[in-house]
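Number of protein chains: 2
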Amino acid sequence: MKLLSPADQLFLWLEKRQQPMHVGGLQLFSFPDDAPDDYVAQLAEQLRQHTTLTAPFNQRLTSRMGQSYWTEDHQFDLEHHFRFEALPTPGRIRELLAFVSAEHSHLMDRERPLWEFHLIEGLQDRRFAIYTKVHHALVDGVSAMRMMKRMLSADPNERDMPPVWSLPPRQRNQDSSRPSLLNSLSHLLGESGKQIGTVPTVARELLRTINEARRNPEYDSIFHAPNSILNRKVTGSRRFAAQSYSLSRIKAVGTAFGATVNDVVMAMCASALRSYLLSQDALPEKSLVAMVPVSLHRDDSTEGNQVGMILAALGTHLSDGAERLRHIHQEVRDAKERYASMSAEEIVNYTALTLSPACFHLLTGLAPKWQTFNVVISNVPGPQEPGYWNGAKLEGMYPVSIVMDRLALNMTLTSYCDQIEFGLIGCRRTLPSLQRLLDYLEEGLAELEQAVGLAP
Amino acid sequence: MKLLSPADQLFLWLEKRQQPMHVGGLQLFSFPDDAPDDYVAQLAEQLRQHTTLTAPFNQRLTSRMGQSYWTEDHQFDLEHHFRFEALPTPGRIRELLAFVSAEHSHLMDRERPLWEFHLIEGLQDRRFAIYTKVHHALVDGVSAMRMMKRMLSADPNERDMPPVWSLPPRQRNQDSSRPSLLNSLSHLLGESGKQIGTVPTVARELLRTINEARRNPEYDSIFHAPNSILNRKVTGSRRFAAQSYSLSRIKAVGTAFGATVNDVVMAMCASALRSYLLSQDALPEKSLVAMVPVSLHRDDSTEGNQVGMILAALGTHLSDGAERLRHIHQEVRDAKERYASMSAEEIVNYTALTLSPACFHLLTGLAPKWQTFNVVISNVPGPQEPGYWNGAKLEGMYPVSIVMDRLALNMTLTSYCDQIEFGLIGCRRTLPSLQRLLDYLEEGLAELEQAVGLAP
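Chains D and B, in that order, are what the protein sequence lines are. Once you know that position 401 of the first sequence is 401 in my numbering, the rest is easy, because the numbers rise by one and skip nothing. Add 1000 to a position in the second sequence, counting from 1, and you land on the number used in my numbering.
With the rest of the complex left out, here is chain D (with noise of 0.2 Å):
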């Protein structure tokens, strides 16, 4: 029986029917040449077989005396974790995305281990996926990427290997504390493990330091972003886009401008969020301002540990893409300096001020009077070299993150081998035909290429 942490249990309070809080991860595979046609139905029969769990997977929750625990669950149910699922004909990326988008709608069942595993089959040309959702509370986005590294094997030939749920344990990485959106919170509330009270009390918390923080002008920039759509309250159903764009192609740009990969992508980013609020006649004045959570190291290694938000504003007032990308450059470069001059204790209190009056709106319902940033747009770190599961090649792998009232697009993306993988997540009925920021992403980059003369 383990208590939760105050972050952990602040993900559980957000939670509601239009707001699930768990995060997903979508693999995509290639049949290993010798498989035969009914290999995922095969597997799926193997991985039946792995009854025995390994810590997190069998932990539930329980409550007692108002207080959450963890603690075993001991009518565990194997089918009702681990589904082996079909796309429909054609079997085309398209219906991926959508069984995707349906599923990341779904609430999980709370009176069991907070974790799905979804194998799907009938995707063309001898592939296949897995979707992965657990809850927030029980993993945070780098772990669970974490673990998906973990179940892959660099050797082709090795078969055999145990799903995710059935992996031996592994001695936790102490320092692998980095920033989600709310991790960085417990800090601000109190000494981590400290049991925060309830979100009455939080979001008095919340608001006085606010407001101190308010009449401090070195904060002021914190409470400086444009209201758009993309900060609407949202309903419970979810649009995911995902799509994998070369790492050569943004790394020469990258080079051209003299910006940084993350600089660049960001740009994308900025280009796409223009194009798509212009498509629906929605594109503030104002440039949209985006929290970024980055590394601190000076020589932009997507390794090691990052303990930075920034704010960066997209530029996404201009028209020219050249313009916004050096914009973005000179914005992170401010941003990564003023950490440069603060001890460590200020980064995380800058930080969890970042996120407070987000969360303050989150807890009460309040809307905002201040808004702090527009959308959450987030690098983690992936695999650079070719993984193997069961003799099968990954492919691809896309980040399923979580969509919230007033923040309801995320976009979240990974690296793996030469690609940069967007997944992008947001609210259907609040941000239409969302799917479309996949090809505005293209022509960002395409744009930039051009700006420099290289062919795309």
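Just so you know, the hints here were simulated from the structure itself, not pulled from any lab data. Warning: the hint list may mix true and false statements.
[As the list claims (entries may be wrong)] Chain B stretches covered by chain D per the calculated footprint, using a threshold of three residues with CB under 8 Å from any CB of chain D:
# : stretch
1 : 1033-1043
2 : 1085-1095
3 : 1101-1107
[What the hints assert, rightly or not] Label pairs and their computed distance ranges (CB to CB):
#  : chain 1 : residue 1 : chain 2 : residue 2 : range
4  : D       : 162       : B       : 1432      : 20 to 30 Å
5  : B       : 1453      : D       : 162       : 51 to 61 Å
6  : B       : 1001      : D       : 320       : 44 to 54 Å
7  : B       : 1157      : D       : 41        : 31 to 41 Å
8  : B       : 1042      : D       : 317       : 43 to 53 Å
9  : D       : 93        : B       : 1042      : 13 to 23 Å
10 : D       : 367       : B       : 1016      : 18 to 28 Å
Fair warning: this is a prediction, and the values are worked out from it, not measured in the lab. Ideal Cβ placement from N, Cα and C applies to all residues, glycine included.
We have chain D; now place chain B onto it with these hints.
Below, chain B alone, put in the same frame as chain D:
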């Protein structure tokens, strides 16, 4: 804009994460003889063209001054409501039931019209299925069944038949009021159409009525059901089990015993419940009590208005099947005779009173002091002639009803040609392996046949 009726409002109040309040139907079709292999995909493409909606399929909930209304959805998104899906290999009925179990566990998006239509390919033997899901606040089970019937044609050569959401509007049958578990309550709480206040008001009114009734010896029989595992709090995941049984066999047993079809069906349920509870080591000493909507016509016709609900002890304490059937036959006859001496108003009051304790416990979340019944067994009239939809023959249709706190199992059945179609829905955590009930139903029928010398 139309105000919700008090009963419909109740369905919204009662809904929660572990207790969705939608009903469903599963229809099984065989391909027309001349159909190509991609027949279902072609059908899906045709259905996508039907973007003209008739009420109530275009109606969504809106809230104004604390009141709920039905209004037209001006942002209608057919892809959200009509879903083309597939079963995984090997595409047996088992995979179909697993699919429906999962889908029926999911809450619907309340910001949209509360219905979903799932067209399912990938079934063995050139068959396909339709699973329809509609919120009970939008239509009741009987209206849903009527719509399903209207969708069908007696002519196997008819093509270009519209889906249910595009059927031409029809005059509503005004005298079609039939009790569902909660509809009658609006009578108890005031005139239909009059506004119900709040949950506490309703609960207080129910409690007053119940306490008055308990002082009246005439109503004494209402409060004597035993406690059982069927009457625990439920969790959010469901198991659906469905099967067809031969109506001729059931009729033959009825004739041999001098009992009605409905008596035999209830005896099958009683036998199955007894076997299941024995297997779980959870059979109460006292007989389980079923709540059964019945026809008040003396000729046992399944058509026409049926405005009564009876409580019938199922004789689950008796080990002999024949004895149980005779017990049930007597129970049902006694209950009907009680109704025969009542005025229409008395019947309505009695029926509402039967439901009051269950509603009180549902609304307040309190554990029952008086268990009035353990399980709902509902028989919804179905079509007697073969039906076709775009040339595909309907092979079977199974109701998917609602599970509630303290009512962890619902047994709803319907008739189709020479079949009695059972649809069992239950909480899959409270009632493990409930699919075994299907075999136990068959064993119950076989035992009755043996008792009167009929070969199964």
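Taking the earlier hints as the rules, which of them does this structure contradict? The structure breaks none of the hints.
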